[in-house]
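Go ahead and model the full structure; you've got the sequences and the hints to work with.
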Amino acid sequence: MKPTQSLLKMFLLPILMVALPALLLMTIAMEMRGKQSLEKLDTIAQVATVWLGIGVMGGLIGAAFFFVWRSNKRLMIIGDAILSLSNSQQKLPDFQAIEQMSRQRRDSLTRIARALMTLRDVEKQRREAECKVHRLANFDTLTQLPNWQYMREYLQHSLDVSQQTGTYGALVYLDVDDFNRINDSCGHRVGDNLLQQIAERLTGLRVEGATLGRLGGDEFMVIIDGLASEQLKAAEKAEAFAEQLQRALSPCYWVEDKKHFLSVSTGIALFNGLQESTDILFQYSNAAVHLAKQTSPNGLRFYEPAVQAELEARTELEQDLRLAIDRQEFILVYQSQVDSLGRAIGAEALIRWEHPHRGFVSPGSFIPLAEETGLIVPIGNWVLEAACEQLVIWANDENTQHLTLAVNVSAKQFQQPDFVDNVCDVLTKSSAPAHRLKLELTESTMIGKIDDIIARMLQLKALGISFSLDDFGTGYSSLQYLKRLPLDQIKIDQSFVRNLHKDMDDKAIVKTIIAMGRSLGLQVIAEGVENQEHWHYLKEQQCHAFQGYYFCKPVSATEMVQRSLAPPPIHRLIRGSVRLNHQAASHSQSDSGGPGQIHAE
535 MKPTQSLLKM
545 FLLPILMVAL
555 PALLLMTIAM
565 EMRGKQSLEK
575 LDTIAQVATV
585 WLGIGVMGGL
595 IGAAFFFVWR
605 SNKRLMIIGD
615 AILSLSNSQQ
625 KLPDFQAIEQ
635 MSRQRRDSLT
645 RIARALMTLR
655 DVEKQRREAE
665 CKVHRLANFD
675 TLTQLPNWQY
685 MREYLQHSLD
695 VSQQTGTYGA
705 LVYLDVDDFN
715 RINDSCGHRV
725 GDNLLQQIAE
735 RLTGLRVEGA
745 TLGRLGGDEF
755 MVIIDGLASE
765 QLKAAEKAEA
775 FAEQLQRALS
785 PCYWVEDKKH
795 FLSVSTGIAL
805 FNGLQESTDI
815 LFQYSNAAVH
825 LAKQTSPNGL
835 RFYEPAVQAE
845 LEARTELEQD
855 LRLAIDRQEF
865 ILVYQSQVDS
875 LGRAIGAEAL
885 IRWEHPHRGF
895 VSPGSFIPLA
905 EETGLIVPIG
915 NWVLEAACEQ
925 LVIWANDENT
935 QHLTLAVNVS
945 AKQFQQPDFV
955 DNVCDVLTKS
965 SAPAHRLKLE
975 LTESTMIGKI
985 DDIIARMLQL
995 KALGISFSLD
1005 DFGTGYSSLQ
1015 YLKRLPLDQI
1025 KIDQSFVRNL
1035 HKDMDDKAIV
1045 KTIIAMGRSL
1055 GLQVIAEGVE
1065 NQEHWHYLKE
1075 QQCHAFQGYY
1085 FCKPVSATEM
1095 VQRSLAPPPI
1105 HRLIRGSVRL
1115 NHQAASHSQS
1125 DSGGPGQIHA
1135 E
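Take 535 as the starting number for the sequence shown in this note's numbering and just add one per residue.
Because the hints were derived from the structure by calculation, they are not lab data. Hints are not guaranteed to be accurate.
[Said to hold, decoys possible] Taking lysine-lysine and the DSS-like style, the derived pairs with C-alpha atoms no more than 25 Å apart in a straight line are: (1) Lys1017 <-> Lys983; (2) Lys995 <-> Lys983; (3) Lys1087 <-> Lys1036; (4) Lys946 <-> Lys983; (5) Lys983 <-> Lys793; (6) Lys1073 <-> Lys1045; (7) Lys1017 <-> Lys792; (8) Lys946 <-> Lys963; (9) Lys1041 <-> Lys1087; (10) Lys1041 <-> Lys1073; (11) Lys995 <-> Lys963; (12) Lys983 <-> Lys792; (13) Lys1017 <-> Lys946; (14) Lys995 <-> Lys1017; (15) Lys1087 <-> Lys1073; (16) Lys1036 <-> Lys1017; (17) Lys1036 <-> Lys1073; (18) Lys1087 <-> Lys1017; (19) Lys1041 <-> Lys1017.
Right, dumping it as structure tokens:
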């Protein structure tokens, strides 16, 4: 309908309401014309004409006002809708009036209303997309907690507020201990479920002034504002809060009707906004949690400058470690393994790092670092190649061709998909005798899909390689797994051997391990044998083989072979006993006071 037609329709009703009474009055006046005088009729006609004019004018004015009011109302509705759409901070209105207007008969305002409805739908989609992008950029998709970017921006805000108010805040860094073990043994789906449960427990605390987020992996972070104006009180409050976090995360977790127990290491860095930055605080808290993980599970540490120095040294050491293989800075040393008579039956290959500036770096310093960074895989491959080359040298000498060589294999190296192929390639290229090679696995290697581990071991045993379970008694493997694994030997960890001469519990443990190994048909070797008391007790329990400083320290291959060709300790012990007996006999003959007493070890 055109605007003019709408206007005529709007005016028609009031005009008719005024015109019909006026025409009726004029008709009455015409009938009375013959009965009354002409003068009176003229008066009536004049009055009717006046009222008719007044009525028509009033109708026109009323219709005009009604039209203006109605148009103004619709224009105001449209204007308000346009303003609400133009303000992205304002919530979108329901647009009920606009929707009703869009359903009316077609006119210019109706078309505008329909265009606004379309524009509102587009704006709604845009805002939803913008909200989704914002959430993806600032929140973790797994736990729905703020992510690294959000926490970094919020920490800067906390630093500013802390400086303005003169109060201390704290950055609390949470790292789940040994979480990779769960991912490797149970799968990432179980690991993700556990992370979600951790996030729920953290969110459920609802501590005032605390903002928590997930940095990635198994790492979470909490920012606490307004602790106290004094550093000591702020530290006490931060420590109490961290302990509250650990208590909340300590109870067992249930995933697929199975229990899981987790411990969380915590690092805390205090701040008051003076000469501090977000990057430095993240670095400080990370250094503190790193030290907490080294001390004990579920540990808690505050940042200390010494920790930062240690972390920087560790970073520098990692950079050097990555270049050590190419620079050929690694060497192998060998510690002999002997039988019950002290005769050399083999050796264990041990890696050493000869740094050009640091000198010899302790394996206790760089092996854990290599495990964490994944460098243990190429380092382990180098050890295997060097050990096979040494086996070839020994095989060509009649004095050493009977020696076996044990090589430590890390769990990460053993679990590589191409590990079996790599071992085959090394044996083929070096022509080393596979039946003289022994791979020592730790109990952590057995965590995961046990059937795949057994299949991989059987493939290597088919080549002639033997297996020894290293550090037995310190890991997680069960007796059920031990029965299934195609092992040839178990090695008693030196922590049980070290105090054999004075600890009855260690004696009982060692005795049990030897008896269990023999019942399972496994060879048993004890490491850490350092004196005669150790050796005597282990021999009495019928331990098969021995390794330790009492026989040989880790030395070069040449020196190890020379030591193995020397008389075994049992011969030295016999000669020493004979010499003592001879001295005692001489002493008793010269002593008139009675029979002599001999004190020997």
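Each hint tested on the structure:
The straight-line distance between the Cα atoms of lysine 1017 and lysine 983 is roughly 16 Å, inside the 25 Å bound, and the hint therefore holds. For the suggested pair lysine 995 and lysine 983, the alpha carbons sit about 19 Å apart, so the restraint of at most 25 Å is met. Under the criterion of a C-alpha separation no larger than 25 Å, the hint pairing lysine 1087 with lysine 1036 is consistent with the structure, at around 23 Å. Restraint check for lysine 946 and lysine 983: satisfied, since their Cα atoms lie roughly 14 Å apart, inside the 25 Å limit.
Of the pairs offered as hints, the one joining lysine 983 and lysine 793 holds, with about 18 Å between alpha carbons and a cut-off of 25 Å not exceeded. Restraint check for lysine 1073 and lysine 1045: satisfied, since their Cα atoms lie roughly 11 Å apart, inside the 25 Å limit. This hinted pair checks out: lysine 1017 and lysine 792 have alpha carbons roughly 24 Å apart, not beyond 25 Å. With a C-alpha separation of about 24 Å, the suggested pairing of lysine 946 with lysine 963 holds against the 25 Å cut-off.
As the CA atoms of lysine 1041 and lysine 1087 are separated by approximately 24 Å, the hinted pair is consistent with the 25 Å bound. The straight-line distance between the Cα atoms of lysine 1041 and lysine 1073 is roughly 12 Å, inside the 25 Å bound, and the hint therefore holds. Between the alpha carbons of lysine 995 and lysine 963 the distance comes to roughly 19 Å, so the proposed pair stays at or under 25 Å and holds. A threshold of 25 Å between alpha carbons decides the hint, and for lysine 983 with lysine 792 the separation of about 17 Å falls inside it, so the pair holds.
Taking the CA atoms of lysine 1017 and lysine 946, the gap is about 23 Å. The hint holds against a cut of 25 Å. Simply put, lysine 995 and lysine 1017 have alpha-carbon atoms about 16 Å apart, close enough for the 25 Å limit, and the pair holds. Among the hinted pairs, lysine 1087 with lysine 1073 is consistent with the structure: their alpha-carbon atoms are about 20 Å apart, no more than 25 Å. With a CA separation close to 32 Å, the supplied pair lysine 1036 and lysine 1017 exceeds the 25 Å bound.
Restraint check for lysine 1036 and lysine 1073: satisfied, since their Cα atoms lie roughly 17 Å apart, inside the 25 Å limit. For a cut-off of 25 Å, the pair hint linking lysine 1087 to lysine 1017 is broken: about 33 Å separates their Cα positions. Taken as a hint, the lysine 1041 and lysine 1017 pair is honoured in the structure, with Cα atoms around 24 Å apart against an allowance of 25 Å.
The earlier numbered hints that this structure contradicts are 16 and 18.
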